[in-house]
Amino acid sequence: MLFNSIDFAIFLPLVFLLYWFIFNKSLKLQNILILVSSYIFYGWWDWRFLILIFVSTLIDYTIGILIDQERFRSKKKILLVLSLSANLGILGFFKYFNFFIDNFNQAFTLLGTSFNVSSLNLILPVGISFYTFQTMSYTIDVYNGKLKSTNNFIDFSAFVSFFPQLVAGPIERATHLLPQFQKTRKFIYQDAVYGSRQILWGFFKKLVIADNCAEYANIIFNNSNDYSGSTLLLGAFFFTFQIYGDFSGYSDIASGVSRLFGFDLMQNFNYPYFSRDIAEFWRRWHISLSTWFRDYLYFPLGGSKGNKYNQIRNIFIVFIVSGFWHGANWTFIFWGLLNALYFLPLIITNNNRKNLDIVAEGKIFPKLKDFWGIIITFIFTNLAWIFFRADSLSHAFSIFGKIFSKSLFVVPEILPFKTIVLIIFFVIVEWYGRHNSFAIKELFLSKYKIIRFCTYLFFILVIFYFGNFKENVFIYFQF
Numbered sequence: 000m001l002f003n004s005i006d007f008a009i010f011l012p013l014v015f016l017l018y019w020f021i022f023n024k025s026l027k028l029q030n031i032l033i034l035v036s037s038y039i040f041y042g043w044w045d046w047r048f049l050i051l052i053f054v055s056t057l058i059d060y061t062i063g064i065l066i067d068q069e070r071f072r073s074k075k076k077i078l079l080v081l082s083l084s085a086n087l088g089i090l091g092f093f094k095y096f097n098f099f100i101d102n103f104n105q106a107f108t109l110l111g112t113s114f115n116v117s118s119l120n121l122i123l124p125v126g127i128s129f130y131t132f133q134t135m136s137y138t139i140d141v142y143n144g145k146l147k148s149t150n151n152f153i154d155f156s157a158f159v160s161f162f163p164q165l166v167a168g169p170i171e172r173a174t175h176l177l178p179q180f181q182k183t184r185k186f187i188y189q190d191a192v193y194g195s196r197q198i199l200w201g202f203f204k205k206l207v208i209a210d211n212c213a214e215y216a217n218i219i220f221n222n223s224n225d226y227s228g229s230t231l232l233l234g235a236f237f238f239t240f241q242i243y244g245d246f247s248g249y250s251d252i253a254s255g256v257s258r259l260f261g262f263d264l265m266q267n268f269n270y271p272y273f274s275r276d277i278a279e280f281w282r283r284w285h286i287s288l289s290t291w292f293r294d295y296l297y298f299p300l301g302g303s304k305g306n307k308y309n310q311i312r313n314i315f316i317v318f319i320v321s322g323f324w325h326g327a328n329w330t331f332i333f334w335g336l337l338n339a340l341y342f343l344p345l346i347i348t349n350n351n352r353k354n355l356d357i358v359a360e361g362k363i364f365p366k367l368k369d370f371w372g373i374i375i376t377f378i379f380t381n382l383a384w385i386f387f388r389a390d391s392l393s394h395a396f397s398i399f400g401k402i403f404s405k406s407l408f409v410v411p412e413i414l415p416f417k418t419i420v421l422i423i424f425f426v427i428v429e430w431y432g433r434h435n436s437f438a439i440k441e442l443f444l445s446k447y448k449i450i451r452f453c454t455y456l457f458f459i460l461v462i463f464y465f466g467n468f469k470e471n472v473f474i475y476f477q478f
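The sequence shown lines up with residues 0 to 478 when you count with numbering that gives the first Met the number 0.
Any given hint could be a false lead.
Below, simulated DSS-like cross-link-like pairs (lysine-lysine); rule was C-alpha separation at most 30 Å, straight line [stated by the list, open to error]: (1) Lys27 to Lys147; (2) Lys469 to Lys440; (3) Lys469 to Lys446; (4) Lys24 to Lys185; (5) Lys185 to Lys147; (6) Lys366 to Lys304; (7) Lys185 to Lys27; (8) Lys182 to Lys145; (9) Lys353 to Lys469; (10) Lys307 to Lys147; (11) Lys353 to Lys368; (12) Lys185 to Lys417; (13) Lys353 to Lys307; (14) Lys74 to Lys185; (15) Lys307 to Lys362; (16) Lys185 to Lys75.
The set of hints was computed from the structure by calculation and includes no laboratory data.
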């Protein structure tokens, strides 16, 4: 079920009313309602997906209890390996089986041997990478003693399948979200208002920014041979705002909807395009995944401890794995490798943790040094997104070939004035609200109701007038 669909517009109010007015007397009944609603939400795409999420839930619920009951560390480790193997096995089969088969066949072809293993007609379950990592973090934290296992299967199942963030995150930790299912929740009007504002901003990002940018990004990337370097660079620019508006818009809607039900999700985006270097960008982009890899891969590898070689090795491993997490295509792996290369100078010079504060905090404009840092980081990020969006490596390199040619200096064949103005407006609002968890939070703090009402009305009218209502799927559903 898509957030930007009529189905969800009916589904959400119905669940909300049942949750607060019918099932509000019992925490257990509320959690059962969330679980049933989440399975309906997820099964709306394909009921067969429910089998996989139930199996994954059952495996980690059971193993979590067994790890807690086991006295010997060696046996705990065996149970953890069993959990990780099962989860990664399911994820690997559905997401990467055909990728490995295709590359296996190509490798034998290059060696001059005909060896053809047939691929399978597999449907990639929506959001499988997200809920797999969420359940894996639970068993890892139980193993490491950061969390006690739960004996309540309803609570755990609701945690795994919680519908606002199920299919595209944030990837919540059990240490943060699971306890929220275990304590009484009361309706707080101000939280509901806060959540509604964040939902409004999320829909603005998705419908007005992302989906309008998508129209032109798709035309340009899908017909890249027909356009000049300047147009292709503009297409990369549109995709840069498409993926940010799309993914962070989903996270805002997810967080806002969660607040309507009394839950608090972690912030998944923190104004990444105002980053002054690539390390800051990755602290602000898809925070739930970045911190997941930091805690469960980077630190176990040794993190920043040891010599420079080990630090660089660990960074490259994390970024390449992160690229592979995004999809079974060499473009994603190269995208991860490219970001690791961007990171390299910062690691060598020990400047990877230089920009930890909010840029130009308390000021209207940034310093000249910060401004150029933002521009340079944005350009490098923009170029990296080309590999993320391209169909293949050859497609990406052909686009780069045109961008770095004389045709970069001609007037673009496509120059949509309306979309560019909307992007400029979006950037200004984001800059103004960069101190907050979402950009328009402070716009509604006036003590005058008429001003708050007019602000709501303005954004609603902008969404209805400029929004794209074609029920476009969110980009990260494919991951």
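Against the 30 Å threshold, does the CA-CA distance of Lys185 and Lys75 hold or violate the hint?
Distance ~38 Å between Lys185 and Lys75 Cα, so the pair is violated.
Hint consistency between Lys24 and Lys185 [alpha-carbon to alpha-carbon, up to 30 Å]
Given pair Lys24, Lys185 holds - Cα atoms ~10 Å apart, limit 30 Å.
Does Lys27 lie within 30 Å of Lys185 when you go C-alpha to C-alpha?
With a Cα-Cα distance of about 14 Å, the restraint between Lys185 and Lys27 holds, given a limit of 30 Å.
Between Lys307 and Lys147, does the CA-CA distance stay at or below 30 Å?
violated (37 Å)
Is it true that the CA of Lys307 sits at most 30 Å from the CA of Lys362?
violated (37 Å)
Does Lys469 pair with Lys446 here, judged by a C-alpha cut-off of 30 Å?
Given that 30 Å is the threshold and the Cα spacing comes to 37 Å, the pair is violated.
Starting from Lys74, check that the Cα of Lys185 is at most 30 Å away, please.
violated (41 Å)
Need the status of pair Lys353, Lys469: alpha-carbon distance at most 30 Å?
violated (42 Å)
Satisfaction of hint between Lys307 and Lys353, Cα-Cα up to 30 Å:
Status holds; Cα separation ~18 Å.
For Lys185 and Lys417, compute the direct alpha-carbon distance and say whether it is at most 30 Å.
Measuring from Cα to Cα gives roughly 44 Å; hence the hint is violated.
Please work out if Lys27 and Lys147 have their alpha carbons no farther apart than 30 Å.
OK: Lys27 and Lys147 at ~20 Å, within 30 Å.
For the pair we were handed, Lys353 and Lys368, check the Cα-Cα distance against 30 Å.
Distance ~13 Å between Lys353 and Lys368 Cα, so the pair holds.
Of the numbered hints listed earlier, those contradicted by the structure are 3, 6, 9, 10, 12, 14, 15 and 16.
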